[in-house]
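S.K.: Could you build all of it, start to finish, from the sequences and the hints given here?
Number of protein chains: 2
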Amino acid sequence: MKPIFKKALIIGVGLIGGSLALSARAKGVVREIVGLGRSQRSLQRALELGVIDAVAKDLKEGLQGTDLVVLAMPVGKFEEWALALSQHTLEGVTVTDVGSVKGNLVIKLEEILKGKAVFVGGHPIAGKEKSGVEASQATLFEGALCILTPTPQTPPESLKRVQSLWEGVGSKVSIVDPFLHDKLLALVSHLPHMVAYALVNAVLDADVGGHDPIFYSGGGFRDFSRIAASSEEMWADICLQNRDALVDMLNLYQEKLSELKEKIINGNREALCQTFHRAKEMRGKIA
Amino acid sequence: MKPIFKKALIIGVGLIGGSLALSARAKGVVREIVGLGRSQRSLQRALELGVIDAVAKDLKEGLQGTDLVVLAMPVGKFEEWALALSQHTLEGVTVTDVGSVKGNLVIKLEEILKGKAVFVGGHPIAGKEKSGVEASQATLFEGALCILTPTPQTPPESLKRVQSLWEGVGSKVSIVDPFLHDKLLALVSHLPHMVAYALVNAVLDADVGGHDPIFYSGGGFRDFSRIAASSEEMWADICLQNRDALVDMLNLYQEKLSELKEKIINGNREALCQTFHRAKEMRGKIA
Numbered sequence: 082m083k084p085i086f087k088k089a090l091i092i093g094v095g096l097i098g099g100s101l102a103l104s105a106r107a108k109g110v111v112r113e114i115v116g117l118g119r120s121q122r123s124l125q126r127a128l129e130l131g132v133i134d135a136v137a138k139d140l141k142e143g144l145q146g147t148d149l150v151v152l153a154m155p156v157g158k159f160e161e162w163a164l165a166l167s168q169h170t171l172e173g174v175t176v177t178d179v180g181s182v183k184g185n186l187v188i189k190l191e192e193i194l195k196g197k198a199v200f201v202g203g204h205p206i207a208g209k210e211k212s213g214v215e216a217s218q219a220t221l222f223e224g225a226l227c228i229l230t231p232t233p234q235t236p237p238e239s240l241k242r243v244q245s246l247w248e249g250v251g252s253k254v255s256i257v258d259p260f261l262h263d264k265l266l267a268l269v270s271h272l273p274h275m276v277a278y279a280l281v282n283a284v285l286d287a288d289v290g291g292h293d294p295i296f297y298s299g300g301g302f303r304d305f306s307r308i309a310a311s312s313e314e315m316w317a318d319i320c321l322q323n324r325d326a327l328v329d330m331l332n333l334y335q336e337k338l339s340e341l342k343e344k345i346i347n348g349n350r351e352a353l354c355q356t357f358h359r360a361k362e363m364r365g366k367i368a
Numbered sequence: 082m083k084p085i086f087k088k089a090l091i092i093g094v095g096l097i098g099g100s101l102a103l104s105a106r107a108k109g110v111v112r113e114i115v116g117l118g119r120s121q122r123s124l125q126r127a128l129e130l131g132v133i134d135a136v137a138k139d140l141k142e143g144l145q146g147t148d149l150v151v152l153a154m155p156v157g158k159f160e161e162w163a164l165a166l167s168q169h170t171l172e173g174v175t176v177t178d179v180g181s182v183k184g185n186l187v188i189k190l191e192e193i194l195k196g197k198a199v200f201v202g203g204h205p206i207a208g209k210e211k212s213g214v215e216a217s218q219a220t221l222f223e224g225a226l227c228i229l230t231p232t233p234q235t236p237p238e239s240l241k242r243v244q245s246l247w248e249g250v251g252s253k254v255s256i257v258d259p260f261l262h263d264k265l266l267a268l269v270s271h272l273p274h275m276v277a278y279a280l281v282n283a284v285l286d287a288d289v290g291g292h293d294p295i296f297y298s299g300g301g302f303r304d305f306s307r308i309a310a311s312s313e314e315m316w317a318d319i320c321l322q323n324r325d326a327l328v329d330m331l332n333l334y335q336e337k338l339s340e341l342k343e344k345i346i347n348g349n350r351e352a353l354c355q356t357f358h359r360a361k362e363m364r365g366k367i368a
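Chains as they are written, first to last, in the working numbering: chain A, 82 to 368; chain B, 82 to 368.
Since the hints were made in silico from the structure, they are not lab data.
Hints may contain errors.
Because identical chains cannot be distinguished in the list, a pair is counted as satisfied if it fits within a single copy or across any two copies.
[Said to hold, decoys possible] The calculated lysine-lysine pairs, modelled on BS3-like cross-linking and capped at a C-alpha distance of 27 Å, are:
(1) Lys158 / Lys344
(2) Lys366 / Lys344
(3) Lys158 / Lys361
(4) Lys253 / Lys88
(5) Lys138 / Lys195
(6) Lys83 / Lys253
M.R.: Structure (structure tokens):
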């Protein structure tokens, strides 16, 4: 494939940044990839593993000849890095990200980089329980969804290039408004994580006569606890960055749970069957 | 293996009853297996598939020469069947069950059968998304946990025989008080199912600008929706039969969820990290 970008600077070479580096080079969509980040150990490891071509000693060095910057550190650090980027010459540079939160953050980053570089928000829906560069895979994005969140300010040709990058590594691209993205993700990703965290904490705190509840758990609880095993720092950032949408969805969820509890308390078998049947039908559609 | 029971009557030949029949004969722990239940179609299917040796036309016929009766229909029907059983001569018969609820139900069944047959409560922790006799497997209980719930009335030799039956089909047996069983299962099985049902219903009812949220969902939500796909009738029965323990656990869960929401609303990053870290540590122990 003809390279879409000459040289990419990936800031934060963890699971997602590392997998993008591996797959972008494997598919030939980016010619050269340089890494930068706060952990030198992790960057050296990325270099040893052949995930990146070089480690930049600072932003100035990293930006030399670069036409793509990817923000792949935790979302809580995006603003700080965008401010640092804005101190440099960024002519012809496209800045994108892989963060799980868009909305206001996209508007803010766009504002910070205004007149200097184009920003195109991106969110590949891919991940694993494990984090860190060691978990990187060249195939992580194959067949996965990547949401891009342009605004009325986004030049169509920049959006097109970032779209080609993700399609080049095998993703299906979907274009969604940044605020709607946050609602959707709060619902199908952030809320399920909160629900799982609360469940694991309930299991830890329940009084069951000294027995170890885990010993008695079947597949259901294990599936839940799997999603509660992700990086706590990443999830704290997501909660705070997507607070409004997440709290809305938590409110909706609490309503549904209270309704269900009422049906159990009232012994309303028919209403319970209807509620469960509805959920089962939906599962049928996605299985 | 020397047979532990000569002839078993399994009432309700679905996934669990059918799998017990297949595995008990494969391992030689029961010599002959007869099926009985409300659906003649399902019993004929069990016979065609070689899951059972014969279909009994009624309880009287089914009880001839039988030394083991297994209640394997939905828990909501146990009492009715125990009352029907109590109308017959049951000398030397052990009655057991495979229901997910114990506690009061065990006391009630024991009372109904008092002076006629011994009742030993049992609960194999095994199941699949699919139900029905077609989904039966001779290996379903291998390595799985089976909880037996004797009471002070249970003769030790009867408990021993039922334990040998389950160990004979490959299960690990754990002996637990019937009421504590209900608390444990409410926590690690029934609560997770309610949590998943409420989540699927929230996703169905959320307002996300006409987008289909399922399209944007990753592995996390899919894991949840899998456990919401079980038989609605079975789950309605479980909720009603284990109402007290389940409502207690739902209350505890609602507390944990409210605490988590407060931390998000207050932007308390450190507290969020601690909550998430605690869940992750626990996951580490069971992974």
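S.K.: Compare the structure with each hint and give your call.
M.R.: Hint check results:
1. Lys158 / Lys344: between (44 Å within a copy, 20 Å between copies)
2. Lys366 / Lys344: within (26 Å within a copy, 35 Å between copies)
3. Lys158 / Lys361: Answer is between: at 23 Å across copies they meet the 27 Å cutoff, but 40 Å inside does not.
4. Lys253 / Lys88: within (23 Å within a copy, 58 Å between copies)
5. Lys138 / Lys195: So Lys138 and Lys195 pass the 27 Å test inside one copy only (26 Å; across, 81 Å).
6. Lys83 / Lys253: Intra 19 Å, inter 59 Å, cutoff 27 Å: intra-copy only.
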